[in-house]
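2 protein chains.
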Amino acid sequence: MKSVKIVKIGGNIVDKPEALQNFLENFHKLEGPKILIHGGGAIASKLSKDLGIEVKMHNGRRITDIETLKLVTMVYAGLINKQIVAALQQIGCMAVGLSGADGNSVPATKRAPNPIDWGFVGDVEPEKINAGFLETLLDAGYTPVFCAITHDSNGSLLNTNADTMASSLARALSVKYSTSLVYCFEKDGVLADPDDDNSVIPLITRESYRELLEKGMIIGGMIPKLDNAFAALEYGVEQVFIKHADNLLCNKETLLKL
Amino acid sequence: MKSVKIVKIGGNIVDKPEALQNFLENFHKLEGPKILIHGGGAIASKLSKDLGIEVKMHNGRRITDIETLKLVTMVYAGLINKQIVAALQQIGCMAVGLSGADGNSVPATKRAPNPIDWGFVGDVEPEKINAGFLETLLDAGYTPVFCAITHDSNGSLLNTNADTMASSLARALSVKYSTSLVYCFEKDGVLADPDDDNSVIPLITRESYRELLEKGMIIGGMIPKLDNAFAALEYGVEQVFIKHADNLLCNKETLLKL
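One line per chain: the protein sequences are A and B, in this order. Mapped onto numbering that gives the first Met the number 0, the consecutive letters of the first sequence carry residue numbers 0 to 257. Mapped onto numbering that gives the first Met the number 0, the consecutive letters of the second sequence carry residue numbers 0 to 257.
Check each hint, because a few of them may be wrong.
One copy or two, either will do: identical chains are not told apart, so a pair holds if it fits within one copy or between any two.
As the list claims (entries may be wrong) - Straight-line Cα separation of at most 30 Å, DSS-like style, residue types lysine-lysine; simulated pairs:
no., residue 1, residue 2
1, 45, 15
2, 28, 109
3, 214, 186
4, 15, 48
5, 33, 127
6, 1, 251
7, 109, 45
8, 28, 15
9, 45, 55
10, 55, 109
Treat the hints as calculated values from the structure; they're not laboratory data.
Produce the entire structure from the sequences given, and follow the hints as far as they go.
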């Protein structure tokens, strides 16, 4: 069976040119077929402010109205995606920058407007992902680099959660590939004590995850991230790693397995 | 020999949603492997104004400073490219949006800063185009859709003339494909009398082009367009058409042949 590594980086690293460059050099060193998914970063918010586009929020989460959709399409699919591709090409990585509209790679469904209208936000249906397109690119030696913009197959682009995009791609590819999913973020892994960076939990299984949740040791944004990860594992992804973007090549990390 | 059609549209049609939709439907009806190259349009200038980025010009041509480069990357590679891809996907065309950095498809060289420093402007070297990448996509049934952003293989993106990008791609592909190049613009073809839209010259050869130039019948922006076209023909492109974007499927056009 062929293998593929799917690596997701967040906006926090996209915003730091030196850390990003260091990450991309490590990413290029990963052997075998691989895919990068990148989040947004602060550029979209800054541009939004400069253009006087009102940022609408609900419970701390952004609502994607039509002007915001245009803005994130420009920033994520345009500026950030192509800058990452150019930086990877410079070091010899045959990157191909993509949105989910390209090659119909990641079709999504606009989220229902009830109870809250999130606007142009897309939920991915992993079973509709065009894995054949990605296989064509991977088999020919190319490295897909995705921003988290998808489309509704009805002409509209959609803003999508980058973590979900990564887990959906991993899940779709696990039919033909032995798939590893790597979530990079600003910590060394899942911490037993949020105040102690040295308390990385090396392994979390479905069972120990339940226990950690019951003890209240997993909180906030880490819950949807781990839920996403375990959903991917249940659909055939072999392993999920949660680690710091600086540590891509070393094994300071949390490994998730069923 | 395989065949491919390379179609270039300008910013004027990108700015008109209905005309663009009509064009894309016709483009989708073109049989066989094909590639679309799109220009910019007024959105970049509007955004530039909204963001207070000073537009620097020399002899009526824009200088691409670093802020302008970021802006055109956002607008051309992001917003316009992905909107066109989503619109093509809606009607069943398996479009893949690309810049010249993606798959190292179109490497370019930053123009020398003397006598005029045009900034981040790239000149394409057709012999360095990664035709193999395009062949991989075309053979698998995908339709590449290019914006006119390239890269210098040294980490920097570059703003490139869309006409030159189209002729360079046509020239590079003509090694393995019987290649037709179609330039769409706002007239029905090359006009014998600029004031008479019915005076389309149906055929221009290298020899008749020389005569038309001597008689002063070809002027302004049409000269670099035709120079580009004849250069492509001399490097193996089979035929070049110049026509209105509305007429993609009918033969109201100027055909250029050696």
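Item to check | Hint numbers contradicted by this structure | outcome: none
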